[in-house]
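Sequences are here, hints too, so could you generate the full structure?
There are 2 protein chains.
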Amino acid sequence: MPRPRLVPEHEAIDIALTLFWSRGYDRTSIADLSAALGLGPSSIYNAFGSKERLFRRAIERYEETHVAPWLALISEPHDGDPAELVRTLMRGLARVYTGDDTPPGCAIFESGGTASPRDSQAAIITQRPRDALRRDLRQRFVEARRAGHDLSATPATLAAAVVSALSGMSQLACDGGSRAQLLNVADHVASGVVRRTRSSGS
Amino acid sequence: MPRPRLVPEHEAIDIALTLFWSRGYDRTSIADLSAALGLGPSSIYNAFGSKERLFRRAIERYEETHVAPWLALISEPHDGDPAELVRTLMRGLARVYTGDDTPPGCAIFESGGTASPRDSQAAIITQRPRDALRRDLRQRFVEARRAGHDLSATPATLAAAVVSALSGMSQLACDGGSRAQLLNVADHVASGVVRRTRSSGS
DNA sequence: GGCATTTTGAATCGACCACTCCAAAATATC
DNA sequence: GATATTTTGGAGTGGTCGATTCAAAATGCC
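Protein chains in written order, with our numbering: chain B, -18 to 183; chain U, -18 to 183.
These are computed hints drawn from the structure, not numbers from a lab. Wrong hints could be hidden among the right ones.
Among chain U residues calculated to face chain B with C-beta under 10 Å, some are [said to hold, decoys possible]:
hint	residue
1	8
2	91
3	95
4	135
5	139
6	142
7	146
8	149
9	163
10	166
Stretch-level coverage of chain B by chain U, calculated; a stretch enters the list once three of its residues show a Cβ under 8 Å from a Cβ in chain U [claimed, not checked]:
hint	stretch
11	107 to 119
12	130 to 144
Even for Gly, the Cβ is constructed at its ideal location relative to N, Cα and C.
If you want it as structure tokens, here you go:
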């Protein structure tokens, strides 16, 4: 019954995500969002309440649309080679970080800034999915080890190493690294997950 | 002959570095620096010219005092095992990232923010040492391969992987990761640098 | 002590920040 | 068409940002 919106909510969130993703939370102003949406500040606040809440919605959307498909690989029980699973996960995210029509890097790693001792909600918002990724990966490695796979390190260390590599791949993409470079890193890291008992290939 | 400074230049840079390191460039205001130094804004601008130039000096100091000692390991020719070299480098930086009386993480990775398409001098300032680290590491791997060492990937890929791991270790430290966790990641990554021809240990 | 030189403190600059207020506009229901 | 409900545009809120100005203060040199 009320006046309809000029730009649908999900579309507004997508636009906001692109801005936060490319410039980070701090360097994205309400004026930037206003210009990108073609709406006044009042419309933004009427729809989302605050810049922080809009950022939260944008990050949630990023998780759903860009990370969740690959995260599903490791959240459900899987009896395949854990190295191959990590390889698929990392290669998929490598492509996300170097998408042609998306900003370089990973929104979860880059857009929130560093988590300072004191208040910085944006950093906390992006830290939660990072921790979740470490936890899920670790759990997956625990299951893989139970299934008899010979891992090259403890599940916790492997999870930390894989997430560290992903974080660094995001950084590399932001520094201008190519998709091929990121894929090479992904392959190399994945190949180090399982213990290799003999020399492989040339 | 002139009036002496209340706080020496190198000491002021150290204090500024600690602030930039812990809060990042954007979230560190002139007022913050003024309070930490016990000086008025005019003194800061008289001594350093601008916030950006002070940041540049602080990052240079970080490179000299915290990174250069470990970087020296890979810049000069070395005939030892490249894996052991990487291990020493990464373990040393892991300790820097989790120092008791320094902020968590790496100033070069965390304090500058993401390099946006458009102007953000702070991001560019921190990108230069990141690129230098990749370049030096790659060159070191090239030499190691010439010396007959059997690397597990191309020098460029290995360099990108090691720097990615370091970047991720910095992120992990900012997320509350312990020194032991970072050291484990460092050991695991280093062990993957050389090709392992047979299973090693338990 | 007087002078040149530099730093220091305090007040202040315009610009931009996230955010708000309010009247006009656009719809569904009646 | 009248009314209720929500969005929209635009002006404007106080606050903080980086940066500046200027007189007072503190030194070495003479």
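Evaluated hints:
Among the interface hints, the one on residue 8 of chain U holds; its C-beta lies about 7 Å from the nearest C-beta in chain B, closer than the 10 Å criterion. Interface hint at residue 91 of chain U: satisfied, since its Cβ lies 5 Å from the closest Cβ of chain B, which is below the 10 Å cut-off. Interface restraint check for residue 95 of chain U: the shortest CB-CB distance to chain B comes to about 5 Å, inside 10 Å, so the restraint holds. Evaluation of the residue 135 of chain U hint against chain B yields a held restraint, the C-beta minimum of about 7 Å falling below 10 Å.
Annotation: residue 139 of chain U was flagged as interfacial toward chain B, and the flag holds, the nearest CB pair being 7 Å apart, inside 10 Å. About 5 Å separates the beta-carbon of residue 142 of chain U from the nearest beta-carbon of chain B, less than 10 Å, and the hint is met. Given the 10 Å rule on beta carbons, the hint for residue 146 of chain U holds: about 5 Å separates it from the nearest Cβ of chain B. Interface hint at residue 149 of chain U: satisfied, since its Cβ lies 2 Å from the closest Cβ of chain B, which is below the 10 Å cut-off.
Taken as an interface hint, residue 163 of chain U checks out: its beta carbon lies about 8 Å from the nearest beta carbon of chain B, inside 10 Å. Because the smallest distance between the Cβ of residue 166 of chain U and any Cβ of chain B comes to about 5 Å, under 10 Å, the interface hint for this residue holds. Under a criterion of three residues with beta carbons nearer than 8 Å to beta carbons of chain U, the stated coverage of the stretch 107 to 119 of chain B is upheld, 3 such residues being counted. Beta-carbon proximity to chain U at under 8 Å applies to 9 residues in the stretch 130 to 144 of chain B; the threshold of 3 is reached and the given coverage holds.
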